[in-house]
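Heads up: the protein sequence lines correspond to chains A and B, in order. Residue numbering for the first sequence follows the working numbering, starting at 1 and increasing by one per position. Residue numbering for the second sequence follows the working numbering, starting at 1 and increasing by one per position.
Think of the hints as simulated: they come from the structure by calculation, not from any bench. Keep in mind that the hints are not guaranteed to be accurate.
What the hints assert, rightly or not - Quick list of the computed label-pair ranges, beta carbon to beta carbon:
| # | chain 1 | residue 1 | chain 2 | residue 2 | range |
| --- | --- | --- | --- | --- | --- |
| 1 | B | Val263 | A | Pro144 | 45 to 55 Å |
| 2 | A | Val223 | B | Phe35 | 46 to 56 Å |
| 3 | B | Pro59 | A | Gln86 | 16 to 26 Å |
| 4 | A | Glu248 | B | Phe261 | 44 to 54 Å |
| 5 | A | Lys242 | B | Pro59 | 31 to 41 Å |
| 6 | A | Gln86 | B | Arg54 | 18 to 28 Å |
| 7 | A | Glu261 | B | Phe100 | 49 to 59 Å |
| 8 | B | Trp16 | A | Glu67 | 36 to 46 Å |
| 9 | B | Ala260 | A | Asp229 | 28 to 38 Å |
Unchecked claim - Stretch by stretch, here's where chain B covers chain A in the computed footprint (C-beta under 8 Å, at least three residues):
| # | segment |
| --- | --- |
| 10 | 79-92 |
| 11 | 151-160 |
| 12 | 181-194 |
| 13 | 198-210 |
A virtual CB, placed ideally from N, CA and C, is assigned to each residue, including glycine.
What follows is each chain in one-letter form.
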Amino acid sequence: MSSIRSRFLALACVFFMLLGVVSCGGGNSNSNGSGGGKQGGTLTIFAASSLIDAFGELGKTFENQNEGVKVKQSFESSSTLLTQIQQGAPADVFASAAMEEMDTAVKDGLVAASPQVFVRNREIIMVPNDNPADITRFKDVANPGVKLALAQKDVPAADYALQILDKANAKYGDDFEEDVLSNVVSREADVRASVNRVVVGDADATFGYASDYTVDIRDRVKVVPIPPDLNIVATYPIAALKDAEEPELAGKWVELVTSEEGQRVLKKWNFEPAA
Amino acid sequence: MKKGSKEGPSPRTLSWGDRLASGLATAALALVAGFISLPILSLVIWTVDRGAWRAMTSPVAVDALLLSMRTTAISMFIIVLVGTPAAYVLARADFRGKRFVDALVDIPAVLPPSAAGIALLLTFGRFGLVGRYFDAFGVTISFTTVAVVIAEIFVAAHFYVRQASVGFAGVRRDVEEAALVDGAGRLSVFTKVTVPLAFPALVAGAVTAWARALGEFGATIIFAGSFRGITQTIPLAIFAEFQSDIDAAVALSVLVLGFAFVVILAVRYLTRKATEHED
Chain A
1 MSSIRSRFLA
11 LACVFFMLLG
21 VVSCGGGNSN
31 SNGSGGGKQG
41 GTLTIFAASS
51 LIDAFGELGK
61 TFENQNEGVK
71 VKQSFESSST
81 LLTQIQQGAP
91 ADVFASAAME
101 EMDTAVKDGL
111 VAASPQVFVR
121 NREIIMVPND
131 NPADITRFKD
141 VANPGVKLAL
151 AQKDVPAADY
161 ALQILDKANA
171 KYGDDFEEDV
181 LSNVVSREAD
191 VRASVNRVVV
201 GDADATFGYA
211 SDYTVDIRDR
221 VKVVPIPPDL
231 NIVATYPIAA
241 LKDAEEPELA
251 GKWVELVTSE
261 EGQRVLKKWN
271 FEPAA
Chain B
1 MKKGSKEGPS
11 PRTLSWGDRL
21 ASGLATAALA
31 LVAGFISLPI
41 LSLVIWTVDR
51 GAWRAMTSPV
61 AVDALLLSMR
71 TTAISMFIIV
81 LVGTPAAYVL
91 ARADFRGKRF
101 VDALVDIPAV
111 LPPSAAGIAL
121 LLTFGRFGLV
131 GRYFDAFGVT
141 ISFTTVAVVI
151 AEIFVAAHFY
161 VRQASVGFAG
171 VRRDVEEAAL
181 VDGAGRLSVF
191 TKVTVPLAFP
201 ALVAGAVTAW
211 ARALGEFGAT
221 IIFAGSFRGI
231 TQTIPLAIFA
241 EFQSDIDAAV
251 ALSVLVLGFA
261 FVVILAVRYL
271 TRKATEHED
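Chain B on its own, in the form it takes in the complex (with noise of 0.2 Å):
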């Protein structure tokens, strides 16, 4: 409305109600960063005050990591080895059905993760839609490592099948369209040009599937059953471990904290390399 309109605003221009819409959206990110390190502060300081150090050298905390460890690796490389193609052709391809498709992916996002433990057990279960005829063949699902995959992969796929096609709708059609010219296959221009521009978009999804994944209980608990060793993964390790020793559930979850700290700064680390190489 003012003369400095035209510059956008500058911040000697602020007026006072900016300035207060300002310091109130700082006062929403303070509360916000405190809420969360609050509880995340908390679990440091049990740990620290009871010495709760010793259990996560347990046999139970170990077990439970390794598992945690194994099983969200093997889960994600079936979700990026399929999603990703999975990904292209959601983004890219026009079929019947989808829209049908499209709805279809996002609902293990909104499913609560005990309902599709229930869906699992049903399907893949002893007398489950398909798990009859594994338990015809003798195969056995329930209660075994597969079964945590399995529960991983329905629940954390979404995650990185959405954000992966929404990365590669954004790579420019003329570019893949450029390369195909220039002489180059089909399957080399998406390895080569696509991924490569949805990378970033690629790393986001999977990471964010990968903690789906670490953190999944209610699909496991049900469908997987719990079990040391064999299917119980650190979130029913410390289901677990809480009702019989608190300290213990304490040192499990700062455990877990520490491990997907650890994860994520390296991605990032990992991430940002790749991309200065491309500049």
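Chain A with its partners taken away, still in its complex shape (with noise of 0.2 Å):
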């Protein structure tokens, strides 16, 4: 009998002690959100996975300038993200990887203002730091047995290392892209997805953009570049949606992402600027 209360009490007493956690936890993000004053809102900002770090950083700058207002970012692959849009997701903005998802975005009605390139971008071949399949030069991606992983169909870094593979069909033969798919073991989500394939050290090799060899996979990851003339310029556009809940932030967020500041932090990130 005494044990089952014992046991109960201590049950009960966990059980407040993590209600208490999130109840504080609630309680400090309120208190983040009134102190602003009268401005506030959420921002919420639809970004293709490869922007993750530098978007990141740059919603921590937006919501130091603009107090009281909370910036919500979801980072998945363009293609993702337009679907989600096209089914009514609510998002106040929208970074796509590439034009084609904005194109289609502003030829459904779903953008306030004309797209601009914010940010362009070059493709890399990223191997594992002890590199088991060898791989030093980008035509060594071909190799028969070489564990390749890629974005599936659709996600623009893979519809850009489409590209590269064509061309370099004029330069190394005519089955160099074919022999290259053929390499192909997953198809990930999204860039990021595919290169942490890399990371873990699974896969071989894998497609994605200069900035994804962010600063934390630099002592697991190796970079094997593509040649210049095969290379693909992957260019960014941005825009605020039509149905955004909070078009004037979303305005404010194009500027600062536009503005030097903006720019700054994104070439800081592998970024190379727009113009």
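Join the two chains into one complex using the hints; note that each chain is given alone, in its own frame.
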């Protein structure tokens, strides 16, 4: 009897401790929100997954500049984000890693103002540090037995990779693209998932953006450059959305991203300036 | 409290409160049924409306369905083969650390599948605890169909082992002992007496485990990756199609719904037949 009671008491204690933690957390965010004065609101940004670090940093800048405002960001492949926006997901801003997704959004009447190209990017090959498949040049990704991870169909990073392979056919022979694609062992949801396959070491190589080679993975991943004559320039357009709940904040965000400060942060994360 | 209470409640003596309670309970059941059928209905309506049927015969759909059938069949074979004796020991034997093993069996059921996927990756991946030794012998598990089966077994085995062990525990010992006294061997008592008596529990456990394996998503996409015909099971194909062709994603969902329905109905029918035979 008493043991059951003491167990129950212990459980109750744990439960209330958890409740306490949760409510403290809630309290904190509340005081943050109300401390900002009259201005407030939540800005929701849908951005290509390659932007996760740069936009994460800019999100904090934006919150500091606009007191009481919270920035909520969702990072996925541009194609997934486009589908979600088409299905009515509540977003204020869309930042895509390719023109194609943005063009579709414009065509479907989802965009408020005409999109601006705010940054450019290039593709690179990434391999694990110990390079198990011994890939030292770009053309090595076609070697038989290489385990190549690639983002899935319609993800810009994968589309760009296919464009590069198309061009490479002229240089390395007509079977080059086919050989490379026969090495693909997994199609990942977005470019960061495919880079992580190399970080963990299960894939021998992947196509990613120069900006995906971030500080935290440099001790585990090596870069194999893609010859400049084969490489593509990925253009990133950004636009406020028509159904934005915070159109004013959305405009301010686009301003921040295209401003000198925004460009400095993007450059820090290995993006190339738009102009 | 009244005189009717001795014979137990009868429909005629239902009090006002009882009627309200049973009315509420019926409404609750209707709510549950509606809550489950509405999303299913929406899938079917969308498919009819958009003529999404064609997507069901697309190579992506066919490959995914075949792969799901193949992998869940292999997973279930292994789960039943290993899980049945394991469940029996769990139900009958007393040993040191039994409580620990008992709790361990439950972990995959409460662990989010994506966490299971990470755990499997760190175990069987190329640089994993076990995977590195496989790799030394030139055997790779990640990105192969074997990885899909491993993921399915990891998340689904619990449901079979748990229900089977409850079923075995419900078989009375004196029935088994009587058969032993009659000169039957331990193994034949197990297969001819214990298993048939626990059969409904075994089937129920197998169906739940199979359903769990069929729906497996998180562990598979993290541990096995996603590639058509090799690791892209139906749930992964739905996720992939959702990002490019929502009609195809809906069609695949209807396809797997129909497949699951057929399997459940077939199992129900077969078990009813089997138990009728015994009677």
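Comparing the hints with the structure gives:
no. : hint                                : result
1   : Val263(B) <-> Pro144(A): 45 to 55 Å : 40 Å, violated
2   : Val223(A) <-> Phe35(B): 46 to 56 Å  : 51 Å, holds
3   : Pro59(B) <-> Gln86(A): 16 to 26 Å   : 25 Å, holds
4   : Glu248(A) <-> Phe261(B): 44 to 54 Å : 50 Å, holds
5   : Lys242(A) <-> Pro59(B): 31 to 41 Å  : 37 Å, holds
6   : Gln86(A) <-> Arg54(B): 18 to 28 Å   : 21 Å, holds
7   : Glu261(A) <-> Phe100(B): 49 to 59 Å : 56 Å, holds
8   : Trp16(B) <-> Glu67(A): 36 to 46 Å   : 58 Å, violated
9   : Ala260(B) <-> Asp229(A): 28 to 38 Å : 52 Å, violated
10  : 79-92                               : holds (count 4)
11  : 151-160                             : holds (count 4)
12  : 181-194                             : holds (count 6)
13  : 198-210                             : holds (count 4)
Hint check: violations occur at hints 1, 8 and 9; the rest are consistent with the structure.
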